[in-house]
Amino acid sequence: MASNMLAPENRSGFAFLLTDTGGKVMLAILLFAVIIVPVFNLWVPETSPFHLSTFFVGLFGKYLTFALLALSVDLIWGYCGILSLGHGAFFALGGYAMGMHMMREIGTRGVYGNALLPDFMVFLNWKELPWYWLGFDHFWFAAIMVFLVPGALAFLFGWLAFRSRVTGVYLSIITQAMTFALMLAFFRNDMGFGGNNGLTDFKDLLGFNLQTDGTRVGLFIASAVALGLAYVLCRYIISSRLGRVLVAVRDAESRTRFLGYRVEYYQLFVFTISAMLAGIAGALYVPQVGIINPSEFTPANSIEIVIWVAIGGRGSLYGAALGAVLVNYAKSYFTGALPELWLFALGALFILSTIFLPKGIVGTLPAFNAGAGARAFAARIIGRVRQNLGGAP
Amino acid sequence: MAALIKLQSIFTPGLKSALLVLAILLGGITAATTGAQAGEFEDALASLAKAKTKGKIAAINVIAASGDERAADALTAFLGGNLYFRKADKKILVAEKSGAVYVLTDPLTSKEIGQSKKSKIKKIRVNNRLRKLLRGVLGGLTLLAKDPDKRRAAADAVFKSRALSAIPVLEQAIEREQVAGVKERLVMARAAIALDKSKIEAERLAAIATLAAFAVPEVRSLLGSIANSKASEAVRAAAANALVDIESRLAFWNGVGNVFQGISLGSVLLLAAVGLAITFGVMGVINMAHGELVMIGAYTTFMVQEVFRNYFPEAFDWSILVAIPAAFLVAGAFGIAIERGVIRYLYGRPLETLLATWGLSLILQQLMRTIFGPTNQEVGNPSWMSGAVEVTGGLVLTYNRMWIIAFSLMVLISLVIVLKKTAFGLQMRAVTQNRAMASSMGIRTGLIDALTFGLGSGIAGMAGVAISQIDNVSPNLGQNYIIDSFMVVVFGGVGNLWGTLVGAFSLGIVNKFMEPFTGTVLAKIFVLVAIILFIQKRPRGLFALKGRAVEN
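Chains A and B supply the protein sequences, listed in that same order. Position in the first sequence (from 1) plus 94 gives the number in the numbering used here. Position in the second sequence (from 1) plus 458 gives the number in the numbering used here.
Hint data in this document are derived by calculation from the structure and do not stem from the laboratory. Bear in mind that the values here come from a model prediction, so they are computed numbers and not experimental data. Ideal placement from N, C-alpha and C gives every residue a C-beta, glycine not left out. Incorrect hints may have been included.
Rough simulated footprint, nothing fancy, chain B against chain A, three-plus residues with beta-carbon under 8 Å [as the list claims (entries may be wrong)]: (1) 256-268; (2) 278-286; (3) 396-407; (4) 430-438; (5) 448-456.
Produce the complete structure using the sequences and hints provided.
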């Protein structure tokens, strides 16, 4: 976690990327995937053993959006000590914004053939489009809303919370209350977001049919590019002076405040950026899975995101992305092969990773960081000693 | 007809003859029923065979007024369409279809008199007008039943039907009635009939005055219809006035009802949150598996009841009393195991504790799902917890809710006693306030941690016993309470039991007062948003701890 504190002082231009080995590897893998996936899916014939199935492309495209979501959580939790248990809400809001655009795109092809109203509104006997649906027929408007709405909510929420110095577990609990309240709200039919069923039956996006292989690959590439750009952005933020202050807030909030920094502004800034990233992840996720419904708001979902980060490696951006992909791959495997065991496995992951892998895979496995294993060992010894001396805080 | 009512109230002893006059007036002239002799029940019954609707009405009224004990059975059969007569001799029969034939019963002797083919008997037709009348007079007949509940139900039935013919029996019943609650209902029914059927303004006004004393929804709707009817100016005005009065009293009782509902919801929240107030408030441990400990308590109740059902079915009523300590011990044992197995390694890292205990909650849920299945388990109410008491019209307090309120307060008080008056409580507070100092004074902090966590978990288990009485016992039970209980603790102020008490009750009451205006879901959303905003104002809750401990 402390590695970025020890990074060289005199940086300029893209030095913040060049010094980051793990990040370079991750970006290289993404670039490789962006080139290789279209080739093996679209141009290698289906009969060939090298053919990459569209199912696989869709699956990994989904994982990439989860990786982006994990990145956004790691930015605030790993670098600023803000544990949000409501990030699923920002993800879902971004998803709803994109879903609303795609609902409008359906137009007269819906079951009721209504050019203006989505099917569920016709079904509920609505006469006109609610005001908050206006504008969503334009892609550019939806694309702005995708990060503006989560960003605005995060700004409002964060402004209230950080100004009153609500931090630590209190913040975690009220973020959880926030996503729970949103979930209850979106389940209501009169909210105008499709209630229980959410938004689904999407046909196309920007004129591309969502069912075709080409669009799938396109969405995969878009997710990979978004993840890469978001990584560069996050990396830039944490390598800047501002990033140093964030880490200072994480490690000693009061002390940073006493040094004259307006801690709440830093927290607010990074929280809002993070929510916007989560919104973008949601917007990329929805066209790939074809549905968005209020269950995305469940507090359990938001907590699961945190465990991706914890397992990958809190405070290491590429670790968070890696954790998201690994855990979700395991989830897909388990829920297919041994469905009743998945919750046991996930629960065990939570417990074991927090006790035995406090730094996650990236911080513990020597392949990722030669010094980290030894540091972790030392930290554990120190922890034992402290505990024997009377343990807690 | 109004005069008749008066007439009857004056000549109550001469009931039967008065009723006959009434019957004749109501039903037109029907010679068949005028024999006011001893056999009037038999005669009236026999006349049903050939009478037309008007004649039947008269006959029904005579039967009802006869006071004969066989009347209720015969009229019930008539209402149910089971009254027939034999074509050969016009004898009235009660016939019930049994396979291809009909089993016949003599309504006069109530004895079975053989079977018959359908072609030999003929049904006595009953139409809607007759059905309405029958319901009314049957209500009147049961007015004199032995069981007060039956009398009360009969009074309510008469109130609804407002059958004029019920008046004489009603008078008789009012005179005899000893139970105050039932008498009220009888008076109410009589006034309702007078108001509805009388043509004399003074009588109607008197009836309104009587009715105004009863703040119940039925009276409100009756007065409402009178106020908008074509009645005279004075009657309408009086009804409208009485209505306003009743509305305000109903609103008051509705408010009282809301407070009760709110306290009842609050006591459930309190039970669920009080254990959390220990683990989170005192120890600073975020236990996301708290809801699952509640669930374990509920499942323990289920298991205890299963044992009782199988081995001591006659003592089933007392199974709850066994379940409470059992749930405390089981959930407490789980809690100690969780503390020793997981949380011990995570002290000082609250966010990691949160994640690890969330993992535990997933495992416990899945464990219960694997063992008991995902469906709801049946947990019974003991007889002394079921039922309800009606304080006044519209306000019904159920016993199980009242028991839960009492139970939650008992739990809270015993907890305060444990914390303030026992050595364990003292040591616990010492460890909370200054761990290092407590340790150097010879307190085994590790043991105290484990026991404290066990105490909080055990209370969660007892909450599970209470919740099993009002909610479905399923593996998801805990999930429904965890966010609410965290809200209560955070709202009330961490580390303060009184804060938890005030927090739980105020959240419950606010919720219940908002529900009529906004609906359940929206009320809950508003309360959550309100708490989120409240936390901004007072980040440490209503009753914040003061001093240095706050900083950590």
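Taking each numbered hint in turn, which are not upheld by the structure, reported in ascending numerical order?
No hint contradicted; all consistent.
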